[in-house]
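**Student:** At position 44 of the sequence shown the residue is numbered 43 (numbering that gives the first Met the number 0), and the sequence of numbers has no breaks.
These are computed hints drawn from the structure, not numbers from a lab. The beta-carbon is built from N, C-alpha and C at its ideal position, and this holds for glycine as well. Incorrect hints may have been included.
Unchecked claim - Simulated restraints, written as ranges between beta carbons of each label pair:
| hint | residue 1 | residue 2 | range |
| --- | --- | --- | --- |
| 1 | G7 | Q48 | 55 to 61 Å |
| 2 | G7 | G32 | 28 to 34 Å |
| 3 | D96 | G50 | 57 to 63 Å |
| 4 | I67 | T35 | 36 to 42 Å |
| 5 | R26 | N99 | 23 to 29 Å |
| 6 | E53 | S93 | 21 to 27 Å |
| 7 | T35 | H4 | 20 to 26 Å |
What the hints assert, rightly or not - Each computed EDC-like pair below joins lysine to aspartate or glutamate, with the alpha-carbon atoms no more than 16 Å apart:
| hint | residue 1 | residue 2 |
| --- | --- | --- |
| 8 | K85 | D13 |
| 9 | K85 | D96 |
| 10 | K97 | D13 |
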Amino acid sequence: MVFAHIFGSGFVADAFFVAFRIPNLLRKLFAEGSLTAAFVPVFSDYLVQKGKKEAFQLSNRVLSCLLIVLVFVTLLGILLSPLIVKISAYGFTSVPDKFNLTVILTRIMFPYIL
0 MVFAHIFGSG FVADAFFVAF RIPNLLRKLF AEGSLTAAFV PVFSDYLVQK
50 GKKEAFQLSN RVLSCLLIVL VFVTLLGILL SPLIVKISAY GFTSVPDKFN
100 LTVILTRIMF PYIL
């Protein structure tokens, strides 16, 4: 209700929802989804079998690699925002203001995955 009151049901709300969709999906995948489900058991095994030092070295390596990948994906997403919006909301191309706003919002929201 608050969102509808602030943004209404016009093209601004549409632009926000489309722009938020891809970064949110990537965040769920990397931070809250399969990566977490895969990492926690491995980290626990390392902690029990190899000790605290080895487990934290593993987590440092994984998080460092993840950060590098996410920075790359974020930069790629920001650069390719017009293409991403064309693919995910093709109908927006017929309304230039709506398309441009969606591209801007997508670029603003992409760092959310970090």
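**Student:** For each hint, tell me whether it holds in the structure or not.
**Tutor:** Tested hints:
1. G7 <-> Q48: 55 to 61 Å: 56 Å, holds
2. G7 <-> G32: 28 to 34 Å: 32 Å, holds
3. D96 <-> G50: 57 to 63 Å: Holds, since D96 and G50 (Cβ atoms, about 58 Å apart) stay within the stated range.
4. I67 <-> T35: 36 to 42 Å: Given about 18 Å between the Cβ atoms, the range is violated.
5. R26 <-> N99: 23 to 29 Å: 24 Å, holds
6. E53 <-> S93: 21 to 27 Å: 56 Å, violated
7. T35 <-> H4: 20 to 26 Å: 34 Å, violated
8. K85 <-> D13: Cα-Cα ~14 Å, so holds.
9. K85 <-> D96: 13 Å, holds
10. K97 <-> D13: 8 Å, holds
Checked against the numbered hints given earlier, this structure breaks hints 4, 6 and 7; the rest are met.
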